[in-house]
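Colleague: One point on numbering: in the working numbering, the residue at position 40 of the sequence shown is 1436, and numbering is uninterrupted.
Worth flagging that the hints you see were computed from the coordinates, not collected in a lab.
Owing to the predicted nature of the structure, the values given are computational and were not obtained by experimental measurement.
Quick reminder that beta carbons are idealized off the backbone N, C-alpha and C, glycines included.
Be careful, since some hints might not be right.
Estimated spans, in silico, between C-beta atoms of each pair [said to hold, decoys possible]: (1) Leu1440 to Tyr1705: 27 to 33 Å; (2) Ser1403 to Asp1486: 25 to 31 Å; (3) His1612 to Val1566: 46 to 52 Å; (4) Tyr1414 to Ala1565: 24 to 30 Å; (5) Thr1568 to Tyr1414: 46 to 52 Å; (6) Thr1471 to Lys1419: 29 to 35 Å; (7) Asp1486 to Arg1399: 25 to 31 Å.
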Amino acid sequence: MTRFPVSSSILSATHLNYFLQEKYELDKSSSCSLIKAGINHTYLVTVGAEKYVFRVYSLHWRTQKEISEELKLITLLKNNSIPVSYPIADCNGNFIHNLPAPEGDRFGVLFSYAAGEKLFNFSVETHFVIGETMARIHQYTKGVKLERCDYNAQTLLIAPFEELKKFIAVETVEMIFMATAQQYLLDEFKKVKEKDVRQGAVHLDIWFDNLNVNAHDEITIFDFDFCGNGWLCLDIAYYLMQLYVIEINEDRYLAKLQSFLKGYESVTTINDEEKSLLHTLGVSLYFFYLGIQCERFENWSNVFLNETYLKRYIVARVKKYADYQQFNNIINQ
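When you get a sec, could you build the whole thing from the sequences and use the hints?
Modeller: Here it is in structure tokens:
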């Protein structure tokens, strides 16, 4: 053995730059730098005044087919004038690149750069625009079926809870709460009148971290890595859940929530069955993303994920949101 095997690596930005110069015939003055090493690794590629983003998927995270389906969805939206960061083909027409990393072959895709900047806190008006844009997305993704994950009770609640058990004892007060909440949510899923709930392809990760806003209050959405199949109101529920975390002032929270919903419904209606689901789905998505943190411990969450963190997260995030009893009344005002 000349080199010890690895399970996760960060590819050299310098050598990725050489790779992209060759594949895309970029000017030799181009540069490449690592932006973020998360579940996937994100690099900023600069060519003169132009910017791009190169994403390197983690080993065994997405198959080539799943990535192809992600790009197909983004292209559908781009072709219908939805403001998204879109994939860019190389000189041979290829979008997905195979990268022989030390741990095994990984995939990489070059995306357009989202104009504007990432803001932690949006104005009421911007929330309206985001709601409007999400609704426009759903107009095109309704009825679309991707060869990717189906978001349902199994993938949102059951499988993630099993991942969580690997990191925190089931006898703890926090996990007893999670087990009780899981059963309640599973029962709620069984009551859903599916014929009244729109289904199709969902983004499942639209929040401030995955969209940029320019000086004209125009937004660009990116990072479709979690796209899959499910109820379209999952996207709404996730956004409102994140808004509850970010906006700690009650009055501002309500104003922004209502503005987002008005923006959405300026395009298409959220029916009563979907509105009644939003609280249930928001809490369920906490289960899902906690499961992701546990599942990807090795190459992302190991810097903070431990039993203490999970206990705090469950109490400060999941339980707090679950206890927000007025939520459904607010949605239906």
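Colleague: What hint numbers does the structure not satisfy?
Modeller: Violated: hints 4 and 6.
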